[in-house]
Amino acid sequence: MTWLTRNKLTVAPWLFLAPALVFFVVYVVGPIFESIGLSFYEWNGLYTADGQSTAEWVGFENYRKLWDDPKFWTSLGNNVAWLVLYMLAVPAGLGIALFLNQTTPGMRIYKSLFFFPFVISQVVVGLIFGWFYNPDFGVVGTVWKMLYCEETTNILGNTTFRCSRPAPDILSSPDWATYGIIAAGLWPQIAYCMILYLTGLNNVASDQIEAARLDGAKGWRMLWHVVLPQLRPATFIAVVVTVIGALRSFDMIAIMTQGGPFGSTNVLAYYMYEVAISEYGERYGYGSAVATVLFGIMLIYISYFLWRMYQDEREGR
Amino acid sequence: MNTLLKTAAATLAATTMLAGAASARDLVINFDDLNPGPKAAFEAAVAKFAEENSDINVITNINDREAHKSAIRNFLTADAPDVTSWYPGNRMAPFVDAGLFMAVDDVWDDNGFREDLAAIEPTMMRDGKTWGVPYSYYQWGIYYRSDIFGLLNLEEPQTWDELLAACATMKENGVTPFTIGTKFLWTAAGVFDYINLRTNGYDVHNALTAGEITYTDPRIVATFDNWEQLIDECGFVENHASMSWQDALAPFANGDAAMYVMGNFAVDGMKNAGLTNDQIDFFPFPEITPGLPRAEEAPADAFFIPTNAKNPDDAKKFLAFVARADVQTEWNKTMGQLPINSKATVGDDKFLQQGFETVSTAAGLAQFYDRDAPAEMAKAGMEGFQEFMLDTSKKMDVLERLDGVQEQVYE
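Residue numbers (my numbering), protein chains in the order written: chain A, 1 to 317; chain B, 1 to 411.
Hint data in this document are derived by calculation from the structure and do not stem from the laboratory. You may find that some hints are simply not true.
Claimed, not checked - One side of the interface only, derived from the structure: several residues of chain A facing chain B at Cβ under 7 Å:
(1) Tyr47
(2) Pro135
(3) Pro166
(4) Pro168
(5) Leu171
(6) Val240
Said to hold, decoys possible - Covered stretches of chain A, going by a simulated chain B footprint (3 or more residues, C-beta under 8 Å):
(7) 49-58
(8) 281-288
Here a beta-carbon is modelled for each residue, glycine too, at the ideal position from N, C-alpha and C.
From just these sequences and the hints, can you work out the full model?
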């Protein structure tokens, strides 16, 4: 017997894993260390004519700058707002799932309609909400005009509106823009949580419901003590995807405000892009420092997630 | 797909044929504008160059502007063309500092460009050398609805007080004086630059963007005081922070707003919005500090030779060619901008005529805030301008914050 045949049970899984592992190391693990390394340099992303990097070692200077950078703290604060408010998607998704978990004719259509926002791209959602909020031609503006504005003609005889109060310009207000974007982001996220709960509800044991009913449980008590515990796996996944969704929020911000007005809707992911890759960025070291901080935050959460998974696996055995 | 391939093949064949002789030397040119006018002008010029130099085989790569901005960072090192389009001022600084561009002082000296392109020379220089050759620029100023001015019996304001008086008349008649869309920030920089150029002049503009004076300097504070006055007594359209510059054309086209501080490229947008030459006109930004030499914004587009160019000799020939008076005349007629060579003639469009009049008599030419200042400073500055426009009471906060940024950027 050759070595290979003797050890095939040990070798086979690694053989099958190898392609994925290689790509994972080259395209995920490698760049993580590369950008952590880059965060100790000051670099505008250019090489000299003979291919030498123009990067300059600065040690922890980038991190010191981050500490004093008000835009970094704004971004971090917005990340927290995203995390907290995005969690609303979990109970909201549950509510809609419970509501849709009926056997009425045509229910599939309603379910699909509720699921629809998750299917369309985030970019499209951002565009739609951007128009929705527009104070001139959007839904917000149109409703406002009906309430507070009167139609007149201007000096040239063209139709125009005079408003007793200016229409709210949500995406240009430093106080409201972030919440406006989060609301837009919640729309597809609720749909996602809803579908997770709908599949979860399919697996709720009907005999337990029956038994609880015989014991006189209904309404909130039934939900809290009988249904929700059975939905625990669905809740876990819903929380996980929502946290990830909140931390990686980027597309909506890029589409709706580009981090504006004056940087007040930045989150770490977008700020990283802005300082490193965008037209006015070109500070790759500093961008890498932002990325490293974001990675650190995610790492806390990912470690917890992996630990939980590991515990569950052990219990399962 | 098939048609695409055919078109590609046809274009390739065409460029090869234009070049003539098969044993020709290759000259690779990267250009960055796919819009119909600029692209046609570039291609016509290249055809003419190939005709005059039948021993050179010209190969062109035309890319979209934004794509070019990121591509240039790689191709200058990895796969350098012989000529590439780029921008003067601070935009060329990182490449010059990294040694990626070749100095072209000999092209300037041998062709008399020091004289013919004198006005633009300072912005093409860095570390005492000249780095590229410009082929086109355009004017900035105030575009206005001449029909509204006519209805209100207003003249083109020459001074700050006349401008404020005109604004008062407009407001009495329910017209918002200025439209603007600051969503993408740079439009606010145009207004800032002009108020600063008129309040303090060209040297202060350069000193500020070079980091030599602070934002809380009394002269810059005076600029902001004037800007505040403009916002209070003239006023901009509401919701400007959620509009792009194109969105801001809507109130202008509808007659709700009467003036627009903009570059000449906006005329195209105005005409697309249904306005005709009888309804729109142009005047240079009015004087604020009496007797100050008048400087203008005139962002230029230029050609540069990468250090890694394989055929620098022919590249220099091309650079000498693009700044020639007759070439610039043709080129800019086609693309609807202004030639830089003082011996060139300008197209007969009324905006070009007025622009040429404005720019060619200017005491100094600024590139634009975001091209003269380093990227990081420009970004912070323009965000500050937008914040100030939304709430003028934050003036000193904004200026102090910009001082902090400035300290870091220019350290």
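Item checked: Enumerated hints in conflict with the structure, sorted upward -> Failing hints, ascending: 4 and 6.
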